[in-house]
Amino acid sequence: MERIPILKMGRFLLVSIQVDMDDRTAMTLQDDLTERIVKDHAKGVLIDISSLDVVDSFIGRMLANTAAMARILDAETVVVGMQPSVAITLVELGLSLKGVRSALNIERGMELLQTMVHDESEHAHDDEE
Amino acid sequence: MPEETRTSELLRRHEQEVLSNWIRLQQQNLSLRNNLVKASDLEEQCRAFLRALLTTMEAGGGDVAGAAWSQAREILSDISRNRARQGFTPTETAMFVFSLKEPAFDVLRAEIRGDELAAAVWELTQVLDQLGLYTAETYQKGREEIINRQQQELMELSTPVVQLWRGVLALPLIGTLDSARTQVVMESLLQAIVDTGSSIAIIDITGVPVVDTLVAQHLLKTVAAARLMGADCIISGIRPQIAQTIVHLGVEINDVPTKATIADAFAVALSRIGLTVTRRAGGAEKATPPKPAATE
Amino acid sequence: MRTTTRSESLPVRSSAEVVSVRHLVRKWAVEIGFTLVEQTKIVTAASELARNMVDYGRGGTMTIELLEEDVRRGLRLIFEDHGPGIADVAAAMRDGFTTGFGMGLGLGGARRLSNEFELQTAPGQGTRVAITRWRGAA
Chain A
676 MERIPILKMG RFLLVSIQVD MDDRTAMTLQ DDLTERIVKD HAKGVLIDIS SLDVVDSFIG
736 RMLANTAAMA RILDAETVVV GMQPSVAITL VELGLSLKGV RSALNIERGM ELLQTMVHDE
796 SEHAHDDEE
Chain B
540 MPEETRTSEL LRRHEQEVLS NWIRLQQQNL SLRNNLVKAS DLEEQCRAFL RALLTTMEAG
600 GGDVAGAAWS QAREILSDIS RNRARQGFTP TETAMFVFSL KEPAFDVLRA EIRGDELAAA
660 VWELTQVLDQ LGLYTAETYQ KGREEIINRQ QQELMELSTP VVQLWRGVLA LPLIGTLDSA
720 RTQVVMESLL QAIVDTGSSI AIIDITGVPV VDTLVAQHLL KTVAAARLMG ADCIISGIRP
780 QIAQTIVHLG VEINDVPTKA TIADAFAVAL SRIGLTVTRR AGGAEKATPP KPAATE
Chain C
62 MRTTTRSESL PVRSSAEVVS VRHLVRKWAV EIGFTLVEQT KIVTAASELA RNMVDYGRGG
122 TMTIELLEED VRRGLRLIFE DHGPGIADVA AAMRDGFTTG FGMGLGLGGA RRLSNEFELQ
182 TAPGQGTRVA ITRWRGAA
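Residue numbers (the numbering used here), protein chains in the order written: chain A, 676 to 804; chain B, 540 to 835; chain C, 62 to 199.
Hints may contain errors.
No more than 25 angstroms apart at the CA atoms, straight line, and that leaves these computed lysine to aspartate or glutamate pairs for DMTMM-like [said to hold, decoys possible]:
1. A/K773 / B/E662
2. B/K640 / B/E650
3. B/K760 / B/D794
4. C/K88 / A/E786
5. B/K760 / B/E824
6. B/K680 / C/E177
7. C/K88 / A/D715
Over 10 angstroms on every C-beta distance to chain B, these chain C residues come out as not near it, computed from the model [unchecked claim]:
8. I93
9. D131
10. V132
Output of the computed footprint for chain A on chain C, the stretches with three or more beta carbons under 8 angstroms from beta carbons of chain A [claimed, not checked]:
11. 74 to 80
12. 144 to 151
13. 179 to 190
These are computed hints drawn from the structure, not numbers from a lab.
All of these numbers come straight from a predicted model, not from anything done at the bench.
Glycine included, each C-beta is placed from N, C-alpha and C at the ideal position.
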């Protein structure tokens, strides 16, 4: 079983999934991410799945759960790089990945995270006034 | 089967005669297509088939669909696939088998009489009719294969995805959409989104006369898939009739932005990516007249 | 007339073997000439069914068969286990059903991703699921 490396980039965490994960590896990643969000005070998580040519309901669930847990811990999640045939298959499978924002690539994903985090802090200021 | 053995025995004795008459007859009938089938090929095909026919009849024959006739069937299916590919009609192709009747009956008529002749002719007719029909059937399957392949190629050629601006794609759909074509088109769009790094895709259906449930569902699936990838879609060009159909079919199109024209959709797309169109301070650019051609 | 021209079997008892299932099905799908989308669909369906077998069927076997019918070619995957079987099939086929952790899209999803779907099961008698995908089909 391999552990997927998690990189810290400023206030965000970046994960690039390059291997065909078995269920245990996926669950470990989910645990590691939630721990790191707390430990590093991360405001956002970027998950790069551009190397995955299969995303089944288990992985889909893992992504959705990760995003939900991250939100509870006050961090946003963006999934990037989904391959077209994977997207088509997920739609056919009936998985909506609700609550998971997506972007085309890491660059766009970072921009999106910046916007989401910035908007949030803006609203926080509004509330204070 | 004494009748069949007798028949095949007679034909075997006159095999060369039957063969050359049969070939000659076909060449007369195929006179317009002589250049498509080489004389040597035709001779080989006829020889092989006649041999297989006689051998199987001598061994007892039986139902033409059975294992005993498999060699004959294989020869015929090869011939009919080739003829299909070359553009022969099904009749011309089946005539390969049917035209064998005349020279075969000539031989039988010369050797036997009365009831015996009638029985032999009937026997042979049954076999050749079934084999002729088999030929027509495999011809049909051969044509279907070709048509399917051509359809696939046509679909792949006619799926234009246009880049309207950096990051904005348009897919103007034209003509009737069937399930297969819609899928091919949608896959091209999703691939183009990745290739161009576009975040907005405008799907224009102005040129689509009819949208049924299946097509509407494919459209929505494509929009959902694009969203999963990180791109948004706008559907434009929905005519009143299509809007009615969509509502009647109960298709859930609520969370997909729709616009009447590509132009409207393009305006929305530009503002989504943070751009606006403004008027130039200097006014419209004057068109420069073409430079006169250099004289020799 | 439908014939099986080649087949291969694989034991599926752990989540590591579910990964092997994905790789093997991908290999066959590429060999038979499926498009990328067709490959992804059948590999994903196989992953769902293989996992079901490990999680609920106490492990089992997957058999891949190469099918030929007239001019078309296809792949059939058969997942067979001797586990507890499924008591309420209708509920199991419905999305969102699960007796354990998770979203429960396995059976319904695998059916949606395939051209043909067969399910044989009874409480105490194990489960057999067969899915087929033909080349060039939707």
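Which of the numbered hints are not met once you compare them with the structure shown? 1, 4, 5, 7, 9, 10, 12 and 13
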